[in-house]
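Undergrad: The residues making up each chain are set out below.
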Amino acid sequence: MGEALTPYRRLVLLGSLFAVTWTAAKVAVPSLIRVVVDRGVVPGDTDALVRWSAILVVVGLSQAVSTGLRRYLAFKVSLQIEADLRGRLFAHLQRLHFAFHDRTQTGELMSRANTDLQQIQFFLVFIPITLANLLTVVSVAVVLLLTDVRLALLALAALPFLNIAATWFSRRLHPVVMALQERLAGVASVVEESVAGIRVVKGFGSEGLQQRRLEEAAGRVYTESMAAARLRGAFLPFLDLLPMLGLVAILWYGSREVVAGHLTVGELVQFNAYVLLLIWPLRMVGMLVAQTARSAASAARVAEVLDTEPAIADPTRPVALPKHDADDAHPAVGAGALAFEGVEFHYGPGRPVLRGFDLAIRPGEAVALVGPTGCGKTTVARLIPRFYDVTQGRVLLDGVDVRDVRLGDLRRNVGLVFEETFLFSSSVAANIAFADPDAPMESIRRAATLAGADEFIRALPRGYDTVLGERGFSLSGGQRQRLAIARAILADPRVLILDDATSSVDPTKEHEIRDAMAEVMAGRTTIVIAHRPATIALADRVVLLDGGRIIAEGTHDELLATSERYRAVLAQALAADQARAPEAEVPS
Amino acid sequence: MRGPARGTGQVVDGIEEPLSPEEARRVIRRTVRLLAPYRIMVITAVVLLVVQTATLLAGPALLRYAIDSGIRRDDVGAIDRAGLAFLVVVVVGFATSRAVIRTVARIGESFLRDLRERVFRHLTGLSLDFFDREKAGVIVSRMTSDIDALQELVQQGLVMFVVNALLFVGAIVVLMAMSPLLALVTFAAVPPVVLVSRWFRRESNSAYLTLRDRIGATLSSLQEGLSGVRVVQAFAQEDAQEEQFRSANREQFEAHLRTISLQSRFFPAIEFAGVAASVIVLVAGGYMVKSDAVTVGTVAAFVLYLNNLFEPINQLSQLFSTIQSAGAALHKLYALLDERPTVGERPGAYDLPATGGLGVDSVTFAYRSEEAAPGDASGNGDATARSEPVLSNVSVAVAHGERVALVGPTGAGKSTLAKLMARFYDPDEGAVCFGDTDLRDATLGSLRERIVVVPQEGFLFNGTVRDNLLVGRPDATSDDIAEALDRLGLTDRFAAFPDGLDTEVRERGSRLSAGERQLVSLARAALADPAVLVLDEATSNLDPGTELAVERALIELMRGRTVVVIAHRLSTAARADRVVVVDDGRVVEEGTHAELLAKGDHYAALYASWASGREASVDGLAGEHE
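Each protein sequence line maps, in turn, to chains A and B.
The number in my numbering is simply the position in the first sequence, starting from 1, with 33 added.
The number in my numbering is simply the position in the second sequence, starting from 1, with 106 added.
Check before you lean on any hint, since a few could be wrong.
Examples of chain B residues lying across from chain A (beta carbon under 10 angstroms, computed) [claimed, not checked]:
#1 P143
#2 I185
#3 F192
#4 E348
#5 V381
#6 V389
#7 K438
#8 A441
#9 D444
#10 T461
#11 G569
#12 E695
For the record, the hints were derived by calculation from the structure and aren't laboratory data.
Remember, it's a predicted structure, so these values are computed and weren't measured experimentally.
For each residue, glycine too, the CB sits at the ideal point set by N, CA and C.
Work out the full structure: start from the sequences and follow the hints.
TA: Structure representation (structure tokens):
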């Protein structure tokens, strides 16, 4: 955290300065009040009364100004650091490898970027306040001891316990509050599922059963809340009691001291005011202790993410991919030749996905990968843009090991359309131009037309400017996939990978984009993962995978004729496809 | 100033549009009524609170006594009396404060528990049209964030609010009693403070609303960046994403800083007002002491009381938004409690006969339009408009033990018809009868026992498989369950779950496959053992292994019962005793599969298009096979 503070050294210094002036002014006020009482009110000296009161006003003003600035600066720095860290976290997460995102839940990361950073911010804000508070405590103690040692000791004796009690209380309360949160979540989940499953609840008339579950959950909330209340009931009055005992001592012993002539009336009032001044700083120390523990845990959780090195990163000595002339009608050497050489891959030890996988694809060739679920075809596709690195062997793009190419270069040259389409909540045009935000409108239209998306986009409320993901507006699965294909086309990669990219496109519509696909694939190395015969037919060659190995190769017709396994795989996929087709009635 | 932890987070969620005074009064009256069972505890709490406030106000008064009667007259006895009295007051204050916290917590938490139970009971008692109309998220938030807002008030704000209000009033009373003249001079400092507080409340409300929006924007940008991280990396757009997030992040920071900048002006103003008021008291008091209008002790007490005058204003203006959002939450909850179920039990309702046919007689039905929001207090059922009828003059008779398939294009009204048969809704015209009894005359309990709806997707609740089965019949014994499973041929399948029937299915049954969820749902219906089964056929495809088990269990489940099935696959319709074709809210054809095919009208057309759709998708492969 220290490192995060460095850029704001000057603001921190300034904030601390105002913390000091604030303390000085705050501590001066009761003393000034005493002076006003002793020199003005008691002797009835109106000149002194007005003079000292004027000084009091000035000190009060400077106290106000420094309070404001101290607060503003403390928050400004801490919020700035929170924002910096959030930005860094986001940037880092954007660059972390797929495997990290595979095993980490989005919600988990969100909470680190949100709640945890907030906890750190709370702590940072505490720093200048604590500084000011410590100063206050010390200077008040000094002033009181200088005024009357014995009375000061009596008045202050109980106060250290305030700090101890506050610390203890904060520590004890935290787990109870956490438990209460959990109980509340329990109520929420009963409510949520009862509402979501209301048709089942009503269908069986099981309202009573749900009511009992809710009552149990509500009862647990009650029990935990009362536990928290008992804790508060035990400690809060105690926290109030300690300074009050100090005040009793001042009133009783102090008044006697005044009578004995050791103390003035003004000093008595001043003592009172000072003890009241100490209550908050001491309580805050307790809060700080509890907050420190929470913030430290949060900081560790944030650091854990920031310290995770991207497993897939730029090579130290990057090699450029061989150039090829895009305008050349005949793809030259170095225009998307792919080779898998002895590739082994597993997502985790003991779960091999690819074993001794060898495959060479010529520039401009279109290859279909076919195989049952879990055969490794998607993995093959994902090794090319280095979403994962091979465990053994190597993947070559135009003769260069993909691990030797700068990531940006590699991925700009490999376009991939995922099976699950992810669209961003921006305009249709921006989604298509994702790879090249500056792409001219003509290129966007052209890509959309090739993907068979232009027609439905024009029919959208605001055409290409329609913003996706807004309320009450959604595209069908097939439409979404066509946008994803347009996105890949616009990137104009040397290798295009379509991972089951047309699975949601209505079979009756697929032929519309098939011609377009053929055009996009012409002269471009393409890998198609598909199971619909018509799509597979687009490929020059079909590779049948099973159990992480190639078990057959040839054209679609050849395989149909020779491979029993091939026919079985296609039939199974077709059955699944068909079951998906009948449309469900929309609940009225 | 109360530490930085208040500056963010919690406050952001608590901002609401304030209630009108009339609404606020209604909310208060109703809350008071709901607190009636705790009358004695409430009275105790009020008494305790007054005592506690008095102990807080006693200190300066006793100091004044010590100064004026003790110090000024050198009377040590008076000092001792004051000291002893103060000690007693402090101890009493300690004890009452403990009692106050506990009593208020008990009242508040009991109230919340009652409210949770009452709202939930009311909610599950509401008819389905309510759930159609309202977004699930909004309904759930009534029971979660709205009641949680109240919980926060009960736990943190309520005692403070009351004590501070009492302190403020008490301080004014005490000051007036001590010296009306000096008091009036002192109060000159109050109006500016109140005005500044009001300004602050207004400004910070709008600043917090902005902040809440910005936080939402950052979170969604973050969420999108994380969900779409694979696409971002695939197109090497990390920098562009980062840039986008940075601007959202920046805006959140600025909105947050704006709230801080407001606080940084407000809190110092209040602090300064305190000092200024002290100066007023000292100067005015000084002159008055000189002219013997007040005593020195009074001036000293005034200076100390100022704390009790300004601190409450500060505290109350900070608590105000909590109170406001609690009021808004209660308002919404009460509106929900005012919502009347449209499908209810009539007085004098009687149980349905054990068996009988199901008759739909000249039924017309329209869903309520969505304009009438239940959040609106006046939104009683009667005021809502009805939209176009979904069913017009529909009559269907299903004989005891008959299996009828409802068929028709999407949106024809077949699901609605099935829902009316189970009295999820009441018809606008006509009647639905079981045997000779109109469903509206039947007790809801007997109705749910006789007629059971099995929805498309097997919906499971968090808990074990057994818990989920018991939803069908809460009082069923283990033997009943075993028997039901046996009847459906599922005994082995269920025993094969990791912990058998005690397997935790997790949220929404996520631990089971779609097919297994469907099986649990069927077993649940078997346990309920209804006379009439209304089935909404599943459209999603299941894993082949389970598909078969589901099919078999379904056949067993239907055996010996009256069945109405909403058929999505016409192969299901072909197996039914009779097919009812619904189109555009009317029954257009009735008869057996064979009869209707032969007739060559609606059903035949539906069947032809369904069959060709099937062939079209098979065509691709079949063609290539040649």
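Undergrad: For each hint, tell me whether it holds in the structure or not.
TA: Comparing the hints with the structure gives:
The interface hint given for P143/B is broken, as the beta carbon of that residue sits about 15 angstroms from the closest beta carbon of chain A, more than 10 angstroms. Proximity of I185/B to chain A holds as hinted, the smallest CB-CB distance being about 4 angstroms (cut-off 10 angstroms). For F192/B, the interface hint holds, the least distance from its beta-carbon to any beta-carbon of chain A being 5 angstroms, beneath 10 angstroms. Contact between E348/B and chain A, as hinted, is supported at the beta carbon level, the nearest pair being about 5 angstroms apart and thus within 10 angstroms.
Interface restraint check for V381/B: the shortest CB-CB distance to chain A comes to about 3 angstroms, inside 10 angstroms, so the restraint holds. The beta carbon of V389/B is positioned within 10 angstroms of a beta carbon in chain A (closest approach about 5 angstroms), and the interface hint is therefore held. Annotation: K438/B was flagged as interfacial toward chain A, and the flag is violated, the nearest CB pair being 15 angstroms apart, outside 10 angstroms. Interface hint at A441/B: violated, since its Cβ lies 17 angstroms from the closest Cβ of chain A, which is beyond the 10 angstroms cut-off.
With 10 angstroms as the threshold, the beta carbon of D444/B stays out of range of chain A, its nearest partner Cβ sitting at about 19 angstroms, so the hint is violated. Because the closest C-beta pair between T461/B and chain A is about 18 angstroms apart, greater than 10 angstroms, the hint is violated. Annotation: G569/B was flagged as interfacial toward chain A, and the flag holds, the nearest CB pair being 8 angstroms apart, inside 10 angstroms. Evaluation of the E695/B hint against chain A yields a violated restraint, the C-beta minimum of about 18 angstroms exceeding 10 angstroms.
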